[in-house]
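Q: Spelled out from the first residue to the last, the chains are:
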Amino acid sequence: MITVTDLRKTYRQGERTITALDGVSLSVPKGSIHGIIGHSGAGKSTLVRCLTLLDRPTSGSVMIDGRELTSVRDAEIRLARRRIGMVFQHANLLDSRTAAQNVAHPLELVKTPKAEISARVARLLDLVGLTGFGDAYPSQLSGGQKQRVGIARALAAEPDVLLCDEPTSALDPATTEDILDLIHELTRTLQLTVLVITHEMNVVKRICDSVSLLENGKVVEHGPLIEVAATLDGSLARALMPLPGFKRTSALPVLELLLAGNSASGPVLSGLTRRFNAEVNVLAGSVEHLAGRQFGRLRVELDAEAPLAEITEFLESAGVQVEVAA
Amino acid sequence: MNFFDELFTNPGITEALPEEFLATIQMVGIAGFFTVLIGLPLGVFLHTSGPDGLRPMRITHRIVSDVIVNITRSIPFAILMVSLIPLARFLTGTSIGPVAASVSLSIGTIPFFARLVESSIRDVGSGKIDAALVMGSTRFQVISKVLLREALPGLIAALTTTLVTLVGYSAMAGIIGGGGLGRLAYNYGLQRFDTTVMVAIIVIIVAIVQLIQLAGDWAAQRVDHRNAATAGSGRRHKSKPGDVVGV
Ligand SMILES: Nc1ncnc2c1ncn2[C@@H]1O[C@H](COP(=O)(O)OP(=O)(O)OP(=O)(O)O)[C@@H](O)[C@H]1O
Ligand SMILES: [Mg+2]
Numbered sequence: 001m002i003t004v005t006d007l008r009k010t011y012r013q014g015e016r017t018i019t020a021l022d023g024v025s026l027s028v029p030k031g032s033i034h035g036i037i038g039h040s041g042a043g044k045s046t047l048v049r050c051l052t053l054l055d056r057p058t059s060g061s062v063m064i065d066g067r068e069l070t071s072v073r074d075a076e077i078r079l080a081r082r083r084i085g086m087v088f089q090h091a092n093l094l095d096s097r098t099a100a101q102n103v104a105h106p107l108e109l110v111k112t113p114k115a116e117i118s119a120r121v122a123r124l125l126d127l128v129g130l131t132g133f134g135d136a137y138p139s140q141l142s143g144g145q146k147q148r149v150g151i152a153r154a155l156a157a158e159p160d161v162l163l164c165d166e167p168t169s170a171l172d173p174a175t176t177e178d179i180l181d182l183i184h185e186l187t188r189t190l191q192l193t194v195l196v197i198t199h200e201m202n203v204v205k206r207i208c209d210s211v212s213l214l215e216n217g218k219v220v221e222h223g224p225l226i227e228v229a230a231t232l233d234g235s236l237a238r239a240l241m242p243l244p245g246f247k248r249t250s251a252l253p254v255l256e257l258l259l260a261g262n263s264a265s266g267p268v269l270s271g272l273t274r275r276f277n278a279e280v281n282v283l284a285g286s287v288e289h290l291a292g293r294q295f296g297r298l299r300v301e302l303d304a305e306a307p308l309a310e311i312t313e314f315l316e317s318a319g320v321q322v323e324v325a326a
Numbered sequence: 327m328n329f330f331d332e333l334f335t336n337p338g339i340t341e342a343l344p345e346e347f348l349a350t351i352q353m354v355g356i357a358g359f360f361t362v363l364i365g366l367p368l369g370v371f372l373h374t375s376g377p378d379g380l381r382p383m384r385i386t387h388r389i390v391s392d393v394i395v396n397i398t399r400s401i402p403f404a405i406l407m408v409s410l411i412p413l414a415r416f417l418t419g420t421s422i423g424p425v426a427a428s429v430s431l432s433i434g435t436i437p438f439f440a441r442l443v444e445s446s447i448r449d450v451g452s453g454k455i456d457a458a459l460v461m462g463s464t465r466f467q468v469i470s471k472v473l474l475r476e477a478l479p480g481l482i483a484a485l486t487t488t489l490v491t492l493v494g495y496s497a498m499a500g501i502i503g504g505g506g507l508g509r510l511a512y513n514y515g516l517q518r519f520d521t522t523v524m525v526a527i528i529v530i531i532v533a534i535v536q537l538i539q540l541a542g543d544w545a546a547q548r549v550d551h552r553n554a555a556t557a558g559s560g561r562r563h564k565s566k567p568g569d570v571v572g573v
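So the protein lines, in turn, are chains A and B. Just so you know, we're using my numbering here: the first sequence kicks off at 1 and counts up by one. Just so you know, we're using my numbering here: the second sequence kicks off at 327 and counts up by one.
These are computed hints drawn from the structure, not numbers from a lab. As the structure is a prediction and not an experimental result, all values here were calculated from the model. Glycine included, each C-beta is placed from N, C-alpha and C at the ideal position. Where hints are given, some of them may not hold.
[What the hints assert, rightly or not] Sample of chain A residues facing chain B (criterion: CB under 8 Å; computed from the structure):
(1) 82
(2) 88
(3) 105
Next up, chain B with everything else stripped away, as it sits in the complex (with noise of 0.2 Å):
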């Protein structure tokens, strides 16, 4: 049998791969969710309170900034997810699936992504800060008005990184019982030698993290009026004078 005949005869690709390719993109996608839904505020809190931040809190910061995020961030994936088993059979009722790894991969995502949400916001000039105050801005105005909406190319691209980094975790958490290409992959590619298998799920992998950062890159390119040269494409959506950009 000829290569191309196998790829549509091989039940691993006809019948599991469709399967695991929807619980890596389950995983990607609920523990994606749940690191904006953390991280973002995280990353902000990082920035506000830090030394130079909105609001100082030198004690607070340090113990989120020096213990947790950065404790957590120097635990390898691989044992901060075993280690995190009992966790997600406690929230999720169950040690494998998808949704069960969904809850290591957001622990193990939530900081780095926090990380790069605060040196995001760190690049915002103070100059643009001290006008928001000057104007008498409240601290939540100066986050939603100023901080978040002239970092948002920067906060694009750090989701794109995330995802990238979350499409590779959840490989690694496919093995240990989360499912997904990562299983599929160990099971036909280590354990039975099907090469056929191995490159058709390379090959998905190697397309979803080329979407996520085409995706990405389109995005945050089209939010980005610090250029000149993008600021073009900011023509397309045009706005009245006094219209309000939303965060």
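Bound-form chain A, shown alone (with noise of 0.2 Å):
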């Protein structure tokens, strides 16, 4: 389990101080992927360093498992490191080493035997899909693999805490979802607490189990994917569902709808036809799967005799979320 608590991060640049993290606080409970998103300089990295101690926070706690991490003395930092194993965007494989000397090489750091290492090695490559390539060079390796092995290396210290610093974006989409999917699985199958940090809503939607959404170095939205997903007006729900922008062409009212769970399947929109004798047009929609639910997303235009605020309660009381498009 990782808790995050009001960290704050600082740099001075001259004379301006930047706030590059400004408060952040999560929580990730052990056996679960939470997703950091957010766009560009919005904090991301910094967050990662900060976790990892490459950077010092100017304030504020990590802890791991109850442990603090931020107060830990340099000599106990390397100790503290270890907890952790870290998936970068571009591998980090050193190229004079073959698959298996990479992953080979948290376990020489803390002296383990060498028939201790080369069995765990080789159970690590069959771990992450990768059996009989332990003899090949980085540059040998496809981009995808490169990623496995980096993925082999980060669990060979036995950490507790995996943290994916865009662990898929040099990828394409193809090697994403496998990538994606082997963290799934190795979550579920060590019991890691994961943190996939992304840009990409794809990740979010694929693989983790609660979210936050990062700003100019704060958290404005977060929880879990099926709660930040069935908030209407939120910028997570809107990212998961995007509708093309609206531009209104004629006078008749426009709805966006957000139909969450079992109600997004239910007959709504032909219940509104015969029950109002409506003539009820889809503009947009959007509808996707996230942990096992349906969620989807509308916008409707109705007719001008249609009656508004009937039409808005009966949606509202069959479960669906109703706005009033401007």
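With the hints as a guide, bring both chains together as one complex.
A: Structure (structure tokens):
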């Protein structure tokens, strides 16, 4: 379990001070995957650097399984870091080492006996689906395979926490899915606590249990995926189920509907048509399966005579969130 | 007498040349050894103490980098060599001969080699260093297992360039008392206008330089696994999983 409380980080740049993290708090339970999403410059990399103590946070605390990370002295930083496995955007493997030697690297640092290293490395390579690739150098591996080696290396010292900084940003879509599925599976089997930094909503959709939206160094929205997806006016819900921009072309009333969970598949619209004898014209829509449930976002146009207030009440009683578009 | 007959009868070639050849090798060997011994750690220090290094040390870095290294490098070698004669005498007890010349040769090439080391190390991506730090590496482990090992092809190339430079410097050192092929060329070529000896010396020096370059390129290529084309050569020294590549 990771708990981050009120984490702040400021950089001095000459006269100016830049606030890269402005009081970030989050908590990720064991065995689950938390996504941190944000635009460029939001502070994602800074957060990672603070969590791994590559940079010292200005204030605030980071706890892993109840043990404080930020207050340790320099000599203990190395021990603290060994409880964190880290996966990088570009894998950052050593070119001078084979896949197996790369995975062995963290184990050498703690003077693990050779026989144990080779047994463990073989097991890790199996785990990430690279059986038989131990003798290959990184230059002989594809991007996806390199990332698998990177994941095996991150897991070598049996950390409690896996930090992934843009793990799939350098990969093609198919490889991205494979790597995400691997991270997902490992989280379940090894009961890891995982933090995934990304700017791609697809990563969040595919593997995250919960998500935080980072903007200008602040968490502006956070929660379990199914909760944030069910927030009609949330930026995350909008990003999860994007609709094209709305340009009014007529004076007819337009509604935005969020159908979360079971109501998404229910016959809400046909019910509307029958009950109010209304013309319903779907302008745009987006449907997603998140954490095994269906979510939908619809933009519908009604006819001029439709009784808006009653329709809204009807929809809301059916569990649909309604917003009248301006 | 034709050129080839003279090649085997000229005392400048049959007697002086082998001896001076060994003196040149001796100078390059001794100076090369000390250049690596001192220049390698110095180059590492230049990088690690720099502003983006593992352990920035603003003032010490300034002093070592700007003052010591840059000043030494900006003094022309011939002048540096002459000015170091007292030091050579203090360290070796004599101011002439290949051993004494090795002192100024080393001091002349150490800063040069250190800069080359620094720039090879700078090419190691900071992501690799971050990865090693996050694993819990000590600074020393980052230097030995990441910086030096990843930069090895560049370091070998740096050593090659340095040795070639040393061959050139050693000829200059020869003229002012170091001995070796430089002095031979000066004595026979300049003072006696003996073309045969001169040609023989030039051929030998070119051969030495070519040999150093070939050996250096071969070694650098052998340890370079950075791209798939050369990585194939790595298959020859196949390793078991978990084997440690030492430095
Ligand atoms: N070493 C530094 N010195 C000064 N400012 C910094 C430093 N590192 C980051 N910043 C600033 O902190 C802010 C957050 O940067 P950060 O790299 O964390 O963003 P990011 O979310 O990772 O962006 P990206 O998606 O582009 O990687 C930026 O305004 C950046 O300019
Ligand atoms: Mg970043």
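Q: Which hints, by number, does the structure contradict?
A: As far as the earlier hints go, not one is violated by this structure.
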